[in-house]
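Mind docking chain B on chain A? Use the hints.
2 protein chains.
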Amino acid sequence: MVWDKVQALVFDVFGTVVDWRNGVAREAEPFLAKYGQGRIQPLALADAWRRQYSPSMEAVRSGQRPFVRLDVLHRENLEKALRELGVNPDEIPPAELDALNLAWHCLDPWPDSVAGLTRLKTRYIIAPLSNGNIRLMLDMAKRAGLPWDAILGAEVAQAYKPTPQAYLRTADVLGLAPDQMCLVAAHNNDLAAARQCGLKTAFVRRSTEHGPDQKKDLVAEQDWDVVADDFGQLADRLLA
Amino acid sequence: MVWDKVQALVFDVFGTVVDWRNGVAREAEPFLAKYGQGRIQPLALADAWRRQYSPSMEAVRSGQRPFVRLDVLHRENLEKALRELGVNPDEIPPAELDALNLAWHCLDPWPDSVAGLTRLKTRYIIAPLSNGNIRLMLDMAKRAGLPWDAILGAEVAQAYKPTPQAYLRTADVLGLAPDQMCLVAAHNNDLAAARQCGLKTAFVRRSTEHGPDQKKDLVAEQDWDVVADDFGQLADRLLA
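Protein sequences appear in the order of chains A and B.
First residue of the first sequence: 2, per the numbering used here; consecutive thereafter.
First residue of the second sequence: 2, per the numbering used here; consecutive thereafter.
Chain A extracted, bound-state conformation:
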């Protein structure tokens, strides 16, 4: 592998850089205290909400629906998740649903994320290549101190991962060939799509993204160019 060619590291964010599950649960707690009928666990809402994530993007990926930013999909998905848990969102003031929708803007990074990114930034361009929209990523970064060089991803590319355009347009915006860019992700399917587009790939294990009983993405399912247990180890390998 000619790693010297790589000029930019682009990052999956939800699950790879930040802990969406505990963050959403934390933000949902006061909401559920009011509207959860005393029986919905915050983590259960986080999981139900996230289950709608990929299906909701499918209409955009398939071209049935024009690109809309993730904030819009999250807001629709929140209503679906609440219904699934037996709560009727029509009985909740829309402003309260709007406020809860911002939970995704204020997720905490994994403990090693900021320090690792700060080290990696000294040698590489670092940017999110997330399905999250620009304002979401910006709010998250400002709150958590994520030191991105730029905010790229689905909204800039106007395409959701794992559509090839999401990866290829990001490389194009950076003026790079695909193999001058490496995707860092905790998800084998994201890395597989990136590799198909010619990107380099780095797998970071996040074995509690889905909680203590996580089943998937515990191991690298292909020979990714780099495999690391956290961003500290990733920086050790990429800066060596």
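Errors might be hidden in some of the hints.
If you want a taste of the chain A side facing chain B, the calculated C-beta under 10 Å gives, among others [as the list claims (entries may be wrong)]: (1) Leu139; (2) Asp150; (3) Ala151.
Calculated directly from the structure, the hints in this document are not laboratory data.
All figures in this text were calculated on a predicted structure; none of them were measured in a lab.
Where is the CB? At the ideal position from N, CA and C, for every residue including glycine.
For chain B alone, coordinates are given in the frame of chain A:
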């Protein structure tokens, strides 16, 4: 003025945040030593190159040409500027022209820019709203330490200032109404276009952008919401 509504400051960059004229001249110096026939002053090339800037965007603004990023226009404009100065670019290796084209990626900020932006970032979202493309702005920020929260502007909006879409799509990406955003610029015409779109306006005087004999933009030509002599004074006023 209800300034409390403003959540984001978006900045013109060339001339307002960075000194393009001396930066381009510095980068052009070794090039002209080789190809300038001993008679072209670096500052003269900087001025000739910049004179092509706005006219070159007009084809995109008018819809005659699809959006292309500023790096592409700068490269075309370099050839025009050289011809105007009596140098035939066809006799110069394209790789040398490509290298000089990156001069715009490594301009120095005005002495007060980084400190002022760092202060303003504590209260506001700060982002460029420049006609420069993402990679150009990114390289510049990384080299100079400009602490942007995100890189917005013409390439994200797919429209060049002063086209209204450049301002309005930037507000939309930030999820803000136009009057929740303030343009900071050293150019009265940029501020006038932003005000037409409903943005708040801050004029920062950069009286040597065009050199010691500058004639334009020495004074605020409308009652802009804020007027300041540098980014320190701007921060004093907006953080008061």
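A quick look at each hint next to the structure:
{"no.": "1", "hint": "Leu139", "result": "5 Å, holds"}
{"no.": "2", "hint": "Asp150", "result": "5 Å, holds"}
{"no.": "3", "hint": "Ala151", "result": "4 Å, holds"}
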